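**Student:** For reference, the chains in residue letters:
Protein chains: 2
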Amino acid sequence: MNNDLILLGHGSGGRLSHQLLDELIIPALSGTAQASQNDAAVLEPVSGRMAYTTDSFVVDPIFFPGGNIGSLAVHGTVNDLAMMGARPLYLSVGLIIEEGFGKTDLGVILADMRRAADSAGVRIVTGDTKVVPRGKADKIFITTSGIGVIEHDLQIHGANARPGDKIILSGTAGDHGIAVMAGREGIKVGCDILSDSASLNDLVAGIIAVAGDRLHVLRDPTRGGIATTIKEIALQSGVGVTLREESLPVNPAVRGVCSILGLDPLFVANEGKLLAFVAPDVAEQVLAGIRQHPLGNNAAIIGQVEAAPAGKVRMETAIGGLRAVEMLAGEQLPRIC
Amino acid sequence: MNNDLILLGHGSGGRLSHQLLDELIIPALSGTAQASQNDAAVLEPVSGRMAYTTDSFVVDPIFFPGGNIGSLAVHGTVNDLAMMGARPLYLSVGLIIEEGFGKTDLGVILADMRRAADSAGVRIVTGDTKVVPRGKADKIFITTSGIGVIEHDLQIHGANARPGDKIILSGTAGDHGIAVMAGREGIKVGCDILSDSASLNDLVAGIIAVAGDRLHVLRDPTRGGIATTIKEIALQSGVGVTLREESLPVNPAVRGVCSILGLDPLFVANEGKLLAFVAPDVAEQVLAGIRQHPLGNNAAIIGQVEAAPAGKVRMETAIGGLRAVEMLAGEQLPRIC
Numbered sequence: 491m492n493n494d495l496i497l498l499g500h501g502s503g504g505r506l507s508h509q510l511l512d513e514l515i516i517p518a519l520s521g522t523a524q525a526s527q528n529d530a531a532v533l534e535p536v537s538g539r540m541a542y543t544t545d546s547f548v549v550d551p552i553f554f555p556g557g558n559i560g561s562l563a564v565h566g567t568v569n570d571l572a573m574m575g576a577r578p579l580y581l582s583v584g585l586i587i588e589e590g591f592g593k594t595d596l597g598v599i600l601a602d603m604r605r606a607a608d609s610a611g612v613r614i615v616t617g618d619t620k621v622v623p624r625g626k627a628d629k630i631f632i633t634t635s636g637i638g639v640i641e642h643d644l645q646i647h648g649a650n651a652r653p654g655d656k657i658i659l660s661g662t663a664g665d666h667g668i669a670v671m672a673g674r675e676g677i678k679v680g681c682d683i684l685s686d687s688a689s690l691n692d693l694v695a696g697i698i699a700v701a702g703d704r705l706h707v708l709r710d711p712t713r714g715g716i717a718t719t720i721k722e723i724a725l726q727s728g729v730g731v732t733l734r735e736e737s738l739p740v741n742p743a744v745r746g747v748c749s750i751l752g753l754d755p756l757f758v759a760n761e762g763k764l765l766a767f768v769a770p771d772v773a774e775q776v777l778a779g780i781r782q783h784p785l786g787n788n789a790a791i792i793g794q795v796e797a798a799p800a801g802k803v804r805m806e807t808a809i810g811g812l813r814a815v816e817m818l819a820g821e822q823l824p825r826i827c
Numbered sequence: 491m492n493n494d495l496i497l498l499g500h501g502s503g504g505r506l507s508h509q510l511l512d513e514l515i516i517p518a519l520s521g522t523a524q525a526s527q528n529d530a531a532v533l534e535p536v537s538g539r540m541a542y543t544t545d546s547f548v549v550d551p552i553f554f555p556g557g558n559i560g561s562l563a564v565h566g567t568v569n570d571l572a573m574m575g576a577r578p579l580y581l582s583v584g585l586i587i588e589e590g591f592g593k594t595d596l597g598v599i600l601a602d603m604r605r606a607a608d609s610a611g612v613r614i615v616t617g618d619t620k621v622v623p624r625g626k627a628d629k630i631f632i633t634t635s636g637i638g639v640i641e642h643d644l645q646i647h648g649a650n651a652r653p654g655d656k657i658i659l660s661g662t663a664g665d666h667g668i669a670v671m672a673g674r675e676g677i678k679v680g681c682d683i684l685s686d687s688a689s690l691n692d693l694v695a696g697i698i699a700v701a702g703d704r705l706h707v708l709r710d711p712t713r714g715g716i717a718t719t720i721k722e723i724a725l726q727s728g729v730g731v732t733l734r735e736e737s738l739p740v741n742p743a744v745r746g747v748c749s750i751l752g753l754d755p756l757f758v759a760n761e762g763k764l765l766a767f768v769a770p771d772v773a774e775q776v777l778a779g780i781r782q783h784p785l786g787n788n789a790a791i792i793g794q795v796e797a798a799p800a801g802k803v804r805m806e807t808a809i810g811g812l813r814a815v816e817m818l819a820g821e822q823l824p825r826i827c
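First to last, the protein sequences are chains A and B. So for the first sequence, the numbering used here puts the first residue at 491; every next one is plus one. So for the second sequence, the numbering used here puts the first residue at 491; every next one is plus one.
In isolation and in its complexed conformation, chain A is listed as follows:
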């Protein structure tokens, strides 16, 4: 019996489960050797409306340039809360582990979850661990959920885009998806392409401070990329959108890999970028604020909202044409998150 590997018994709820919790999982995630180990965490009262979200992470490979499945799971859930304008408070972590997975790798993943949570100012307060036989899962899947508090009365949601709104993208398109794919396929891209996986809650707090009720929509363009996300918002709000291809920031190395592989960066997932739809009179000021943030140096206004045609997204191409932008059809890059 190899002491470095996860065994079925580690998911039994019995002695081995307790050992794994006490020796590895709880110290890594909570920072204390002992936690109360009741069926649920008790949270102090939260004043005001809350945001609540969940995401399952099945990224392949679990370690990729710029991150891993653990940090990604924290960033993804923090960002889903931040996109509602909520301040993230608490996370839960559900682990599904394949028998034979290495405890060392598990330790690295958990340590990075903790680091990401600390950095975002959020606490991991409850969790669960299951183990399935070899071949019944792929290494490790992580499902995080999160609770945040909404400390404002703003209406920030996908149905609130208004004609005239400027659309700000907080940085370059497609870095996460291409970094994961390069990691999976063993494509040598040097140090030029790293996942953008990051927590956006601090950036969002700054945007809200500047824009107030002139901030109408926030969304992080993850699966399906910027194209799919903007199409969703156009449909939810019943508005049109015009994007300018020349304005879209793309890391040259990402553009290179995309052109070799026939991918459009507009459809490739990001995990540390946001789209902000803001009233035109405040757009330049919001953009300037985002650019001063470490996660927003490459931010740009990439398009604007039109009164019509409702639900349609069009791209002004570099050569002056107009093409329709639709949602991602099929699956371009599986298991990107």
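Just so you know, these hints were derived from the structure itself, not from any lab. A quick note: this is a predicted structure, and the numbers were derived from the prediction, not measured. Think of the CB as a built atom: it goes at the ideal place given N, C-alpha and C, for glycine as much as any other residue. Mixed in with the good hints there might be a few duds.
[What the hints assert, rightly or not] Reference listing, derived: stretches of chain A covered by chain B, where coverage requires no fewer than 3 residues with Cβ under 8 Å from a Cβ of chain B: (1) 498 to 506; (2) 691 to 703.
[Unchecked claim] Selected chain A positions facing chain B (Cβ under 7 Å, derived; list incomplete): (3) Asp-529; (4) Val-532; (5) Tyr-542; (6) Asp-545; (7) Ser-546; (8) Val-548; (9) Ser-582; (10) Ile-586; (11) Gly-590; (12) Asp-618; (13) Lys-620; (14) Lys-626; (15) Asp-628; (16) Thr-633; (17) Arg-745; (18) Met-817.
With chain A held as given, fit chain B onto it using these hints.
**Tutor:** Just chain B, lined up with the frame of chain A:
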């Protein structure tokens, strides 16, 4: 392309994902054809302390006598909240689906999740769906998280068992584990063994009403069974426990399967039973109340808390001996939840 099967593209975040959400998942879980589909659900303010929990479900088979992975996931999370004395309010659902899984089966599972949620008075408000390639998961895994409100000032937790406390088990031991195992192995057990999977929040509300601050510990004996759960509580509270073998209620069919297979019902998982540690002066009244509840007909006092030896659990056997009860070692019945 078979229209009845889940495809990788259903996890892409693109057009197929939206179709699956709009046509199957959201109508099944929320009961409305349209939901807001933002990154997070917005919850109205909750007054008081909250309980927060998560569980991942990997049960095999996904359909078993008396339930399926969907109803089990709701019951399990509702119960984790109820065991803190919390009233369950909201659930999240993270689905990890293997490519090629049937949409019909998915629909049945989701419908049963909804039915279980309705029955427990809890709302499924947010979710996520991922699809992994064939062979990278086993049909479907479900991770639920839940939020409940704690509407009392009682101290109900595993470190609060006190010498003299009576230990009440709300029904027969081991039904869930044996039902799942019978389903998996194709053992013919007729209609005599069904999973006990059920939501215990209503039963808990009744116990709190009767016992008040004389209720010290609530715990549902799931993975690892009654033995492991009581050992945990003895360790957390620094007390001893004496159990009486003759008092343990066991369905005769479950006892039969256990004796054939060499299993001890004391270590087999339940999913609709609870252990209540209550002060002796209120024990009979609490027991009577539990027995009047549809989920508690077979409840019994199975033992009591002793001042010493701390952390030790002993069983008085039917022939008058005393044996030590330890936590489940290794994995007796994998993937029981």
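**Student:** Hint by hint, say whether it matches the structure.
**Tutor:** Now for the hints, and whether the structure bears them out:
no.: 1; hint: 498 to 506; result: holds (count 8)
no.: 2; hint: 691 to 703; result: violated (count 0)
no.: 3; hint: Asp-529; result: 4 Å, holds
no.: 4; hint: Val-532; result: 6 Å, holds
no.: 5; hint: Tyr-542; result: 5 Å, holds
no.: 6; hint: Asp-545; result: 5 Å, holds
no.: 7; hint: Ser-546; result: 4 Å, holds
no.: 8; hint: Val-548; result: 5 Å, holds
no.: 9; hint: Ser-582; result: 4 Å, holds
no.: 10; hint: Ile-586; result: 5 Å, holds
no.: 11; hint: Gly-590; result: 14 Å, violated
no.: 12; hint: Asp-618; result: 5 Å, holds
no.: 13; hint: Lys-620; result: 5 Å, holds
no.: 14; hint: Lys-626; result: 4 Å, holds
no.: 15; hint: Asp-628; result: 4 Å, holds
no.: 16; hint: Thr-633; result: 4 Å, holds
no.: 17; hint: Arg-745; result: 21 Å, violated
no.: 18; hint: Met-817; result: 4 Å, holds
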